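Assemble chain D with the ligands onto chain A, guided by the hints.
In order, the protein sequence lines correspond to chains A and D.
For what it's worth, numbering that gives the first Met the number 0 labels the leading residue of the first sequence as 0, then goes sequentially.
For what it's worth, numbering that gives the first Met the number 0 labels the leading residue of the second sequence as 0, then goes sequentially.
Be careful, since some hints might not be right.
Residues of chain A placed beyond 10 Å of chain D at every Cβ, according to the derived structure [to be verified]:
1. D189
2. S258
3. I329
4. Y437
Estimated spans, in silico, between C-beta atoms of each pair [claimed, not checked]:
5. A/N608 - D/K99: 30 to 40 Å
6. A/M286 - D/L87: 43 to 53 Å
7. A/P133 - D/S27: 29 to 39 Å
8. D/L91 - A/E328: 45 to 55 Å
9. D/K128 - A/G574: 50 to 60 Å
10. D/K99 - A/E287: 46 to 56 Å
11. A/K602 - D/L91: 37 to 47 Å
12. D/K133 - A/R469: 50 to 60 Å
13. A/L32 - D/S27: 46 to 56 Å
14. D/S27 - A/E287: 42 to 52 Å
These are computed hints drawn from the structure, not numbers from a lab.
None of the values given here were measured: they were computed from a predicted structure.
We put the beta carbon where it would ideally sit given N, CA and C, even for glycine.
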Amino acid sequence: MSRIGVFVCHCGTNIGGIVNVPEVVEAAKAMPLVAYADENKYTCSEVGQGSIRDAIREQKLDRVVVAACSPRMHENTFRKTVATAGLNPYLLEIANLREHCSWVHSDSKKATAKAIDHVRMAVAKVARHESLFPKQVGLTKRALVIGGGITGIQAALDIASAGHEVVLVEKEPSVGGRMSQLDKTFPTLDCSACILTPKMVDVAQHPNITLLSYSEVKEVRGFVGNFEVDILKKAKMVDHKTCTGCGTCWQKCPEKVTSEFDLGLGQRTAIYIPFAQAVPNKPVIDMENCRYQKYLKWTQTEEGKKPPECRICEKLCPTKSIAWEQQEEIVTEKFGALVVATGFKTFDHSVYGEYGAGRYPDVISSLQLERLMSAAGPTEGEVLRPSDNTHPKNIVFIQCVGSRDDKVGRPYCSKVCCMYTAKHAIMLKEHDPEVQCYVFYIDIRAGGKDFEEFARRAQDESGAVYLRGRVSQIYQDGKTLKVLGEDSLIGRPVEIDADLVVLATGMEASEDADRLAQTLHISYNIYNFLIEAHPKLRPVETQTDGVFVAGAAVGPRDIPDCVAHGSAAAAKVIGLLSQDSLTTDPLTAIVAPMKCVGCFACKAVCPFNAIEEQTTRDGRIIASVNESLCKGCGLCVVACRPGAINLRGFTNQQLLSEVMTLVRR
Amino acid sequence: MSEDNSPLVIGFLCNWCSYAGADMAGTSRQAYPPNIRIMRVPCSGRVDPLLIVKCFEEGADAVLVAGCHPGDCHYTEGNYHGRRRFALLRDLLDFMGIEKERFRIEWISASEGKRFAKVVSEFTDEMTKLGPRKVG
Ligand SMILES: Cc1cc2nc3c(=O)[nH]c(=O)nc-3n(C[C@H](O)[C@H](O)[C@H](O)COP(=O)(O)OP(=O)(O)OC[C@H]3O[C@@H](n4cnc5c(N)ncnc54)[C@H](O)[C@@H]3O)c2cc1C
Ligand code: SF4
Ligand code: SF4
Ligand code: FES
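This is chain A alone, in the form it adopts within the complex (with noise of 0.2 Å):
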């Protein structure tokens, strides 16, 4: 006969303010197999789970209840309590009575009953709880890092630095992410470039760091300390291993694009790099510009007049690496844990009628703007119209574009964009003192050190004139953009003659977040941003065992946050590959062999080719899990006909007991 104990928690009035807990103390009391019941104010405190081993020892409890808050929040830790009195850990079961309960209605006799029956399953489902045994596995002492951006390289650079291999994962031809774009960062105004460069090149130096550039990840199996992933290398058409990236075949090649990293304001070749200080130095054929493939191609359909070889790359290299056969290829490498740093992209502004909807040159992106600012960009840091190349002396800004408005399905807050919109009107009047910006806004967040003191500094030492309210309509009048809006604080509208206007676009998760979540098992919310175990408690693990997230792919997020989430994503990972071995989660399948027929219908709906073929001492061919490759999904337990296999911590007894409490009564 068991002896359960049931602990009813308080939770200060969080859940003592609806749920009668005494009530729920004295109903628990008359509970089959309950020998014991008592409340706490805080039961996860010191003295609470104190409470939990003393009355293990005195009671002689073989089984605890505690009914608390959710078990995602507190399971382990009082798995741990009820460790520490010498009980297995999971004779334990809990009651949720807070996110569950308390916290959703406000009835408290109705909470009440609930919550008494939230613990009567409880009691019924511990009662058939068994003693479970962690296993001990080994682990791949190699981390995966997807995304090369400031957050993946802080987080590669820290984990390799602690002597572990990183393999580093980047879809561009380089390394940098958005930073590499940006021209000075707020609030001090370094210069971008100086300050990621080094962490760059320090990437490709660092002996610990494997660099794959132009690069996916395509599959993920295995679980935690023994991760198996599919890498898709696209195919360069350059063999990185012999080219010095002297330049000589970027500079000829004849082929000019728009530059996507110079968000179409300026050109390059086909064969490029993204920009001067990337990382590989090394280039990239762009495939579908290629004049030689459009050669090749052309020849194929037999039309038109033929387009000339080209092949000048090829023939100027000075170490012969125009590589022409190169395909793109799969390889498979072994990781015990994974960063995912995938970041951000910028809202388009083409939704918005009323700027424009992208239509006049002269209205640009924020990120534009930088690289308009950016010695090495386009203009070599001549902040000229796309439209005539002159000097513009007006210059609007509206921000929350993409921002904090409902109506285009954004309604957060972008974090960043009153800071960098300060940056630019500071940074502006510094190129050229001629110029008078205007900042529309709609409240001006500047929460972070030294963050207020610098949206100050844009208005009253670099004029910049804040107008509180919307932009209506922008329209083209010769050359110059009518900018309609309105001043809130005065009640009056406003008109502007605008040399240029200035969009502040927010932050979007990436391209593919989406898809990237589910290949690895981890969530992800309405606007595919991903998310972390616990929003505060635990911000950069996800549920998913040795999956991490950090940086802009999980909410917007400045450089400083974004360094310090990569370097605490690094300091999880270094933690798990510190050890020797890992303990799995016993909440495995388990076969009965003797009422297994032999169907493997089992086998057939296993996600993780856990079951396998054993054959028992009088020759028949049975079921049996492989418990380091079960996940404890439950799936095969549905499918089992004659219930011989079951699913420990949630067999079909258990479950069917918990049902009988509330409906037998």
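Here is chain D with the ligands on its own, set in the frame of chain A:
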């Protein structure tokens, strides 16, 4: 049905998405009727249709199964298996004389606390209107 004639709803929520979504409803204080009793299961694919039949046999008025959105199952395909099995279950319920509306399957992610509350509220309201299940 309990004494005040409010329906007994049993909810099976997958640990990774919908249980977390229900937690999110709590954290953000999204209220819903207190009729539902929540069971945590690893995956919507762990829910045996026969267990749901059992719920009805024993007097539950309604059953909700909630899991991750298609494509988002923590175990990749558990919810696809679930979806197929539950489609068959509907016919079985019909055959047993249990109104199909009493069984519902929903995809609710970890961030959809508000939607969880909405789903449970609407489902409970509908069940209240439908009245108690005629047993026997
Ligand atoms: C106009 C503008 C100005 C800004 N100014 C400042 C400033 O002054 N100060 C400041 O602190 N912050 C500023 N920021 C914010 C700053 O840009 C971000 O905080 C920072 O770049 C985020 O870094 P990240 O590494 O997380 O993401 P990213 O920089 O976006 O890097 C992500 C990387 O991952 C790669 N990637 C994406 N998906 C995949 C995939 N599936 N597989 C492989 N690789 C992938 C991308 O190609 C990219 O290289 C500004 C932002 C904008 C838009
Ligand atoms: S489904 Fe059941 S009976 Fe069939 S092989 Fe698997 S465990 Fe054995
Ligand atoms: S519970 Fe069953 S189906 Fe799921 S991983 Fe384990 S063996 Fe495979
Ligand atoms: S884990 Fe949520 S449906 Fe499978």
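task: Take the C-beta atom of D/K99 and the C-beta atom of A/E287, compute their distance, and say whether it sits inside 46 to 56 Å.
output: holds, 52 Å
- request: Verify that the Cβ of A/I329 lies farther than 10 Å from every Cβ atom of chain D, and report whether the claim holds or is violated.
  value: At about 20 Å from chain D, A/I329 clears the 10 Å cut-off, so the statement holds.
task: Confirm or reject the statement that A/S258 sits farther than 10 Å, beta carbon to beta carbon, from all of chain D.
output: holds, 34 Å
- prompt: Could one say that the CB atoms of A/M286 and D/L87 fall in the range 43 to 53 Å?
  reply: The hinted range 43 to 53 Å holds for A/M286 and D/L87, with Cβ atoms some 49 Å apart.
- request: Take the C-beta atom of D/K128 and the C-beta atom of A/G574, compute their distance, and say whether it sits inside 50 to 60 Å.
  value: holds, 54 Å
field: Outcome of range test on Cβ distance (A/P133, D/S27; 29 to 39 Å)
entry: With a Cβ separation near 34 Å, A/P133 and D/S27 satisfy 29 to 39 Å, so the hint holds.
message: Looking only at beta-carbon atoms, does the pair D/L91, A/E328 fall within the given range of 45 to 55 Å?
response: Check passed, 50 Å falls within 45 to 55 Å.
- request: Using the Cβ atoms, figure out if A/N608 sits within 30 to 40 Å of D/K99.
  value: Since the Cβ atoms of A/N608 and D/K99 sit about 36 Å apart, the hinted range of 30 to 40 Å holds.
- prompt: Going by Cβ atoms, does A/D189 stay more than 10 Å from chain D at every point?
  reply: holds, 36 Å
message: Given a hint of 46 to 56 Å, does the C-beta separation of A/L32 and D/S27 actually sit inside it?
response: violated, 36 Å
message: Verify the CB-CB distance for A/K602 and D/L91 against the hinted window 37 to 47 Å.
response: violated, 25 Å
message: Please check whether D/K133 and A/R469 have a Cβ separation lying inside 50 to 60 Å.
response: Taking Cβ atoms as reference, D/K133 and A/R469 lie about 58 Å apart, which means the hint holds.
When each numbered hint is compared with the structure, violations occur for hints 11, 13.
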